[in-house]
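J.: Read off the chains here:
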Amino acid sequence: MAEVYLPSTLPPLFPGLPRRLELDASTVDDVVAQLDASWPGLRDRLCEPGPAIRPHIHFYVDKERAALDTPLEARSRVDVIAAISGG
Amino acid sequence: MVRTVVLVGTRKGCFLLESDEARREWELRGPFCEGWPVYHAVHDAGTGSIYAAAASEWHGSAVWRSPDLGQTWEHSSEGLAYESEGEKKMSKVSNLAVKNGRLLAGVEMPGIFESKDGGQSFSLLTTLAGQPGSEGWDDPANQPPGHLGISAIMFDPEQDERFWAIVQGVGLFETQDDAKSWTPRNKGLRADWPREHEDVGFCVHKLTRSSVDGDRMYQQNHVGMHRSDDCGHTWTEITEGLPTEFGFAAATHPHDRETFYVIPLDPGHGRTMPDGHASVWRTRDAGESWQRLDKGLPTEDAWVGVLREGMAIDTHEAPGLYFGTSTGQVFASADEGDSWSEIASYLPAISSVEVAIVD
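Chains as they are written, first to last, in this note's numbering: chain A, 1 to 87; chain B, 1 to 359.
Be aware that a few hints might be false.
Claimed, not checked - One-sided and incomplete, this derived list gives chain B residues near chain A with beta-carbon spacing under 10 Å:
no., residue
1, L28
2, G30
3, E34
4, E57
5, H59
6, E78
7, A81
8, G241
9, P298
10, T299
The set of hints was computed from the structure by calculation and includes no laboratory data. Small disclaimer: the values here were computed from a predicted structure and weren't measured. For glycine and all other residues, C-beta sits at the position ideal for the given N, C-alpha and C.
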């Protein structure tokens, strides 16, 4: 099971969504798909059509910058970061 | 009890200001929409719902909706994207129009999406493909920094398939068959720059239409105020008497076809009120003459701007006017602009102001 950590900006948009959860996922895209299945519309908050990760959203797998097709290990840690922007 | 509700879209969420018919005391609620930048918030008189066009730098664009005047909110962007149009991307929902439950969203790059289920899902209605100028606005190289989009949509209250759309920096277009075909409506407008097409190439900032005479329209243009007496088929400039030819916000009197309001701004980089003197200007003779309205407004050192959706007028017997500034103040008048008071002082930068009368 991968440990997934989400940015604080996401839970207010999706009732019941925790900041941290465990998912049995094989890739980053699989994480997104499983999140979207439980909280419809969540994919659109992290990805653009294409699909591609939104420019100001970063995924890290085990502390390495990741893409949607990045594979996950059994105990990978996935951090979803809202990049520094705005003001 | 009749409620007067002012919807304020800001850089950090949507706010609601509420009063009664007298409009003397105001209560502020918000911020809503999780502090997302809100570009335009509107009220659907048919269903009572509020919709807010928003774009988060992190989480993209969406339309927020509240069925209960701000008590609860949800958001959706389902279908609100160019899925199969090559490099054409939607960067922002910039403008909303709503009529009897049908919601239209004008977006950048230029296109109009519609929702028939109360903002839960959207589908692409039109990109105005093939219209003169579309080869330019559909060029990804123009996005950004051009940020060309559909900056306004205006329904016809009588004919469901008729509405107008402004393509930013290009001009005004009308459809009478629900966006199947379009006609440019820019005859008589001024442009102080070279244009590639006869019918377009005009910078229409704001379009308003008289609710007592559908043939009477006004528009604030990049270069001048204009009036139409034939529903936009031809335009006549009515700038003379105003301090500048430039501005964004405008409003028509709900009961008098001759009365119209505008907020002129300096046309340079500042785009604030001329001489730091906050004023709304009113004509009562369709643009033959103009009157400065500043009683109660800051007349010195007020370097404030007002954007294209930044002014609204209500439909009370003595109409109330409202405008929101780039520095977060909302000013209101309950006497057709004769006198003003500040009803919110410390909001984030304001993008839009709309008003609804709710029973």
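J.: Now, for every hint given, state plainly whether the structure supports it.
T.: Against the structure, the hints come out as follows:
Look at B:L28: its Cβ only gets to about 21 Å from chain A, farther than 10 Å, so that hint breaks. With 10 Å as the threshold, the beta carbon of B:G30 stays out of range of chain A, its nearest partner Cβ sitting at about 14 Å, so the hint is violated. Look at B:E34: its Cβ gets to within about 5 Å of chain A, closer than 10 Å, so that hint holds up. The interface hint given for B:E57 is met, as the beta carbon of that residue sits about 5 Å from the closest beta carbon of chain A, less than 10 Å.
Interface hint at B:H59: satisfied, since its Cβ lies 4 Å from the closest Cβ of chain A, which is below the 10 Å cut-off. This hint holds: B:E78 has a C-beta 6 Å from the nearest C-beta of chain A, less than the 10 Å allowed. Below 10 Å, beta-carbon pairs count as interface contacts, and B:A81 has one with chain A at about 5 Å; its hint therefore holds. Given hint, B:G241 at the interface with chain A, is violated; its Cβ is 40 Å from that chain's nearest Cβ, farther than 10 Å.
About 26 Å separates the beta-carbon of B:P298 from the nearest beta-carbon of chain A, more than 10 Å, and the hint is not met. Hint status for B:T299: violated, given a least beta-carbon distance of 31 Å to chain A, over 10 Å.
The structure is inconsistent with the numbered hints 1, 2, 8, 9, 10, although it conforms to all the rest.
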